[in-house]
Structures are given as structure tokens and as C-alpha cells.
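Enquirer: Each chain, written out:
2 protein chains.
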Amino acid sequence: MSIKIGILGYGNLGRGVECAIKQNPDMELVAVFTRRNPESLSILTKEASVCSISEAADWKDKIDVMILCGGSATDLPSQTPEFASMFNVVDSFDTHARIPEHFENVENAAKAAGKLGIISVGWDPGMFSLNRMYANAILPQGEDYTFWGKGVSQGHSDAIRRIEGVKDAKQYTIPVEAALQAVRNGENPQLSTREKHTRECFVVLEEGADAKKVEEAIKTMPNYFADYDTTVHFISEEELKKNHSGIPHGGFVLRSGVTGWDGEHKHLIEYSLKLDSNPEFTASVIVAYARAAYRLHKEGQTGCKTVFDIAPAYLSAKSGEELRAHML
Amino acid sequence: MSIKIGILGYGNLGRGVECAIKQNPDMELVAVFTRRNPESLSILTKEASVCSISEAADWKDKIDVMILCGGSATDLPSQTPEFASMFNVVDSFDTHARIPEHFENVENAAKAAGKLGIISVGWDPGMFSLNRMYANAILPQGEDYTFWGKGVSQGHSDAIRRIEGVKDAKQYTIPVEAALQAVRNGENPQLSTREKHTRECFVVLEEGADAKKVEEAIKTMPNYFADYDTTVHFISEEELKKNHSGIPHGGFVLRSGVTGWDGEHKHLIEYSLKLDSNPEFTASVIVAYARAAYRLHKEGQTGCKTVFDIAPAYLSAKSGEELRAHML
Numbered sequence: 001m002s003i004k005i006g007i008l009g010y011g012n013l014g015r016g017v018e019c020a021i022k023q024n025p026d027m028e029l030v031a032v033f034t035r036r037n038p039e040s041l042s043i044l045t046k047e048a049s050v051c052s053i054s055e056a057a058d059w060k061d062k063i064d065v066m067i068l069c070g071g072s073a074t075d076l077p078s079q080t081p082e083f084a085s086m087f088n089v090v091d092s093f094d095t096h097a098r099i100p101e102h103f104e105n106v107e108n109a110a111k112a113a114g115k116l117g118i119i120s121v122g123w124d125p126g127m128f129s130l131n132r133m134y135a136n137a138i139l140p141q142g143e144d145y146t147f148w149g150k151g152v153s154q155g156h157s158d159a160i161r162r163i164e165g166v167k168d169a170k171q172y173t174i175p176v177e178a179a180l181q182a183v184r185n186g187e188n189p190q191l192s193t194r195e196k197h198t199r200e201c202f203v204v205l206e207e208g209a210d211a212k213k214v215e216e217a218i219k220t221m222p223n224y225f226a227d228y229d230t231t232v233h234f235i236s237e238e239e240l241k242k243n244h245s246g247i248p249h250g251g252f253v254l255r256s257g258v259t260g261w262d263g264e265h266k267h268l269i270e271y272s273l274k275l276d277s278n279p280e281f282t283a284s285v286i287v288a289y290a291r292a293a294y295r296l297h298k299e300g301q302t303g304c305k306t307v308f309d310i311a312p313a314y315l316s317a318k319s320g321e322e323l324r325a326h327m328l
Numbered sequence: 001m002s003i004k005i006g007i008l009g010y011g012n013l014g015r016g017v018e019c020a021i022k023q024n025p026d027m028e029l030v031a032v033f034t035r036r037n038p039e040s041l042s043i044l045t046k047e048a049s050v051c052s053i054s055e056a057a058d059w060k061d062k063i064d065v066m067i068l069c070g071g072s073a074t075d076l077p078s079q080t081p082e083f084a085s086m087f088n089v090v091d092s093f094d095t096h097a098r099i100p101e102h103f104e105n106v107e108n109a110a111k112a113a114g115k116l117g118i119i120s121v122g123w124d125p126g127m128f129s130l131n132r133m134y135a136n137a138i139l140p141q142g143e144d145y146t147f148w149g150k151g152v153s154q155g156h157s158d159a160i161r162r163i164e165g166v167k168d169a170k171q172y173t174i175p176v177e178a179a180l181q182a183v184r185n186g187e188n189p190q191l192s193t194r195e196k197h198t199r200e201c202f203v204v205l206e207e208g209a210d211a212k213k214v215e216e217a218i219k220t221m222p223n224y225f226a227d228y229d230t231t232v233h234f235i236s237e238e239e240l241k242k243n244h245s246g247i248p249h250g251g252f253v254l255r256s257g258v259t260g261w262d263g264e265h266k267h268l269i270e271y272s273l274k275l276d277s278n279p280e281f282t283a284s285v286i287v288a289y290a291r292a293a294y295r296l297h298k299e300g301q302t303g304c305k306t307v308f309d310i311a312p313a314y315l316s317a318k319s320g321e322e323l324r325a326h327m328l
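First to last, the sequence lines map onto chains A and B. Heads up, the first sequence is in the numbering used here, so the first residue is 1 and it goes up one at a time. Heads up, the second sequence is in the numbering used here, so the first residue is 1 and it goes up one at a time.
To be clear, the hints were calculated from the coordinates, so they are not data collected in a lab. Keep in mind that a hint or two might mislead.
Unchecked claim - Only pairs whose alpha carbons sit at most 20 Å apart, straight line, appear in this in silico DMTMM-like list of lysine to aspartate or glutamate: (1) LYS318/B to GLU101/A; (2) LYS167/A to GLU207/A; (3) LYS266/B to ASP276/A; (4) LYS266/B to ASP144/B; (5) LYS167/A to GLU200/A; (6) LYS111/A to GLU321/B; (7) LYS241/A to GLU321/A; (8) LYS318/A to GLU101/B; (9) LYS111/B to ASP262/A; (10) LYS298/B to ASP309/A; (11) LYS318/B to ASP144/A; (12) LYS241/A to GLU264/B; (13) LYS150/A to GLU164/A; (14) LYS150/B to ASP276/B; (15) LYS219/B to GLU164/B; (16) LYS46/B to ASP262/A; (17) LYS241/B to GLU264/A; (18) LYS318/A to ASP309/B.
Work the whole structure out from these sequences, hints included.
Expert: Take a look at the structure:
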């Protein structure tokens, strides 16, 4: 019997979850829930239903885990607790500063309903967090470094698009190679924002817009660009479509630490991701944790969990015996 | 109240465990057990006792976790089950092929005694296994690659030392950069043994030994060297001591996989270690898992576990709240 999955929200992430389920024979997509008119939505999985979000409660007994694919700004803070009162849920809530509050809300809702929720699943938060945590536990004396990219930042691309005279834009976050190397060399550098990442922007102008003014507006934008070395390229709409329509991302988590009676030996732990599709990779992590949610709930566990609370074996379709024989 | 640790066996690994405990304020080394004459052993921790292995049973109620630092060939297969009937234990059993059998033995002994054992802790098996497992669960369609080095292989160094005419030797295992790059490029290469690693040997000859014969004996040794491109350097005893007395190691675990409805997007997950001291890093991993063994046993868990069965948060001295607020 396969694990029955529901998807709430059918954007890039929702579609990524649908694709990831296809790769996992022990799982089955049963329904996609949308705020749009269900008739207007065409999904890839022939066997699955498309329903209005308002019908979700009717599916309580037909879905083992509901995967919430909305945004962290406005959707998930209310959706995850709401749906955790009806379903086991997994979300990718990624507003780091608000995680403790979100955890509390989901914990209370899920506990009251006897359901299990796993929040902040993906790669950062998610796999990057796990690697930070493992590395810190292993090397208590050391320094942490996280670099992002090369990859598209949706938030920064949107910020450029809001500037007057800009028709479309894509922004890449790029780690500074020299900074990465200094960390890898065990130099434990103190790195400023500017020293860690550069920003590269590809901008399509509206007809008649002033390129100089737009470039100035980008480079001086507080928080988003002012603290970085930023490069701006003006390109045609065709060029943007042809060369910059992907959503790649990735990054590096490093911990540089010492061991020995007097800290005389250096060690470097490095974890990195190079992703052609940020949403599809995030979705793949989420689907593995949906398996964990299903199993943990079957064992009688309820409440809110994060990647820190879940033993790795719960993510794998393989049995304990298989894992010990072939992966240990 | 700190976690009380015992160490069985005071070689490189045992000393590494002692150093790692010093970095973890919630832990305390209470005793080192040895097969040697305890009087002859001088340890670094002033507050800890040195005892004969025959006295270990007297310490049953004074030690929370016993860390077994013997070898996998002859010590651990009998020691871990034996000590799991008296203590919570952690070992670094690394004979991959015999892990299922070792697991059974420790499971039975620990269950019967109401104790908890964690086996095969370190970096391979250990952190490398974890990374293989996580990456496989996230990207079910893909290929796994593990490269070791650059680092000293104790087994290969010993094999050289057994050749007639060899006074001393150190062997380095080195990953082939071109093979690593091919994997990173997403080429999913099929790699032969020879294509993945090279072997570099530093050899001190006995007086009057025939260098040519020794080199031939090394390069044609089945299993150890015959399948590899091997380089042999003859050096003086002083040079060996000066430049090759460390025990560095490390390596790379990669998974190259695809996502998307038709597998159209590529992804690379890479985990790597660069270690100045192989035994001290292994010891640092073990000590983090000793914390987990203590906590899990306090919760009432018994039997045998591996790194796959243990939720990451158990390794950290930080609370769930702290981890969520600062590491997620």
C-alpha cells in the first residue's frame, strides 16, 4: 500500500513535488488543491484529482500527508497550523527569524489533532541546517561558513523588477571564490557581506528607459544591493528568455575546526549543492520527509518536528537491514 | 551533572576520544581501561583513573557510556557485545561486510541487558554513510561516488612493511582529480579502480636491500596495489619521520542525480572531509554519538543502533529551542 500524498498549491514547488513523487514507487499523488478554479488547472499526474482548497476537509481520511507548497511570507504562517489540524503536513517555511513562532503554532495545532507536522524542510533551511548542526556537534571548536550560489535569487530579481523603467530581470548570487578558498585553507577569515558574495543582474529595460538611472537605482538599493559588489547587464527580452529562464541554485556549508589536546590539528567539513532547479530539489527533500512524517505518525508520534528531530532512516524507502548492508 | 565516559583501549583513537571529551563541557572522562599494566600508562586527563580491563565490571554504575577504541579485526567483534551487557557502548567497527552480523550480536547483548549500543561510528562508516543515505533518499535517480584521500592508509602501509627489505613505510591514497571533476560535471562516469585512486608510497629500506625488488613487490601486490597506478619513493628514515609522521585523511561522497518529470534537471550533492588527524576526527564523531547514546538510554531505548537510527538533535549539547533558533 502506498503513501497517499496531497499537494496544496501548484506553483513551481508544487509541480516539483509532483515530479518527485513519480520517482518514489512507495508514494502516490492523490490530489492537488488550489485556490484557483480547479477546472483551469492541468496537472501532470493523470490519476490524481484537482480540487478547490475549500474541499480539502473532505479528503481527511484519503490523504496520509499533505504537502504545503505556499509561500513563507503570507501562506504558510496560517496554512500550516490550519492544515495540521486535519492532516499530517510538511512545509518549507524559510523565514529563519520566525521559525520558533511557526514551530509553536504548528506544535499546538498538530498535538491537539493527533497529527504530525514537519516544518522548514528543503535545503536552507533543511539540508544546510542539518550539516551545520552535525558539523557543530562533531567539532565544537570551530567556525561556520555558509555561501549561497551560484543561483537565482527570486527576492532580488523581484526587487529589480519593481524599479521604474525595468521590464524584466534576473539576479544571480555568486560566492566569492577567494573567500571560499580562504575558508578551505583553514584561515578562519572574518568575512564582511561584500567579501562573501557578489551580485550579477540581467535587466531588460522598458522602451525609452534610462539605463544609467536604473543601474544606479539597483546598485544603491539598501539591504538588497548596496552592501555588495553588483554588476548590471542590460540585455534584450529574447536573450533573457533564452539564457536566464532556469532557476538554478546551490551553495556551500563549511565548518573549519580543531581537535587535539591543544587544538593542534585542523579539520574541514564541507557540504555543497549544485542544483539545476531550486524548486525541484527542495521538493525532493520535502517528499523524503513526507515519508518520515507518515511513518512517525504511524508509530504514534504527534506535534511539530524539524529535520533535527528525525532519524535519517525514516527518509529512506529501504529497510534498516538493507541500509546497514549496503549504505553503512 | 555531566555524562560520565569510559574509554577502553588507549591507542590513537582512545587518546583522540580523551581530547574530544575535553572540548565538550557536558562530558567527563572518568576512567581509561587497558590490557597493559595500568601503572605503565600515562594519560592526559588528571582527574581520570587508569584501570585494568579486568576491573571494568566494577565500574558498571559509575560510567554512563563506554567508548570502545579497539580494532575491528579482532577486538570489537567480541568486545562490543561483551561490554554491551554491562554498559551503554559506542564503537567504530569498520569492516563493512561484517556489519550486519556485528549488529545482531550487539543488538542481542544490549537488549538482554537493557543497554544501548551504537556501532560503526566515525566517518566511513559514519558521516560518509549518513551522507550517502540522505542523498539517496533525496535523489532516488542518480549515481553514488565515494573517493578517499588524500590520506594515509594504515592497512596499505602495514602491507608494505611486511615486504622483505623494508624497514618502514607510509602509503597515501589519492583521489584522481580528473575522475572527481567528471563526477562534478554530471557526466556519471563508470570508473574502474585504477581511474578513481592512485597510491603513493614512501619507503625506508633496510641496509643492503634491493630497491628494485622492493618496488616490484609493492606494485604487483594483489588487492593492495596491483589494480592501481602506484608510485614508490625511497627516502631516509629521518625524512619519513619529519615529513610523513602525521595521520591525515579525508575524502568525498557525491551523488549526481536528476529531477523533473522527464529527469531533465541535474543536481549534485557533495560532502567532503579534509582531516589533519584521522583518529582525532573519528573520536570527535564518536563522542557526539556517546551523548546520543546517553540520552536515548535515559529515554528507555535499548538494543543496537547505527547513525541511521539517531535523530541529529541527540548529538548536540544545545536544546531543541536553541537549535531551531540558531541553526535551522
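Enquirer: Take the hints in turn and mark each one as holding or not.
Expert: Right, here's what the structure says about each hint:
At most 20 Å may separate the alpha-carbon atoms for a hinted pair to count; LYS318/B and GLU101/A meet this at roughly 19 Å. Distance check on the hinted pair: LYS167/A and GLU207/A sit about 9 Å apart at the alpha-carbon level, within 20 Å; holds. With a CA separation close to 5 Å, the supplied pair LYS266/B and ASP276/A stays within the 20 Å bound. In summary, the hint linking LYS266/B to ASP144/B is supported, as the alpha carbons are separated by about 14 Å, within the 20 Å threshold.
Between LYS167/A and GLU200/A, the direct Cα distance comes to roughly 17 Å. Compliance with the 20 Å bound is thereby established for this hinted pair. Distance restraint check for LYS111/A and GLU321/B: the Cα-Cα separation of roughly 18 Å lies within the 20 Å cut-off, and the hinted pair is therefore satisfied. Of the pairs offered as hints, the one joining LYS241/A and GLU321/A is violated, with about 48 Å between alpha carbons and a cut-off of 20 Å exceeded. Simply put, LYS318/A and GLU101/B have alpha-carbon atoms about 19 Å apart, close enough for the 20 Å limit, and the pair holds.
Restraint check: the Cα-Cα separation between LYS111/B and ASP262/A comes to about 39 Å, which exceeds 20 Å; the hinted pair is violated. With a C-alpha separation of about 17 Å, the suggested pairing of LYS298/B with ASP309/A holds against the 20 Å cut-off. With a CA separation close to 16 Å, the supplied pair LYS318/B and ASP144/A stays within the 20 Å bound. With a CA separation close to 18 Å, the supplied pair LYS241/A and GLU264/B stays within the 20 Å bound.
Between LYS150/A and GLU164/A the CA atoms are separated by roughly 27 Å; this puts the pair beyond 20 Å, and the hint is violated. A C-alpha spacing of about 10 Å is found between LYS150/B and ASP276/B, which places the hinted pair at or below 20 Å, so the restraint holds. Simply put, LYS219/B and GLU164/B have alpha-carbon atoms about 14 Å apart, close enough for the 20 Å limit, and the pair holds. For the hint linking LYS46/B to ASP262/A, the alpha-carbon distance of about 15 Å falls within 20 Å, and the restraint holds.
Distance restraint check for LYS241/B and GLU264/A: the Cα-Cα separation of roughly 18 Å lies within the 20 Å cut-off, and the hinted pair is therefore satisfied. Between the alpha carbons of LYS318/A and ASP309/B the distance comes to roughly 13 Å, so the proposed pair stays at or under 20 Å and holds.
In the structure shown, a violation is registered for the earlier hints numbered 7, 9 and 13, in ascending order.
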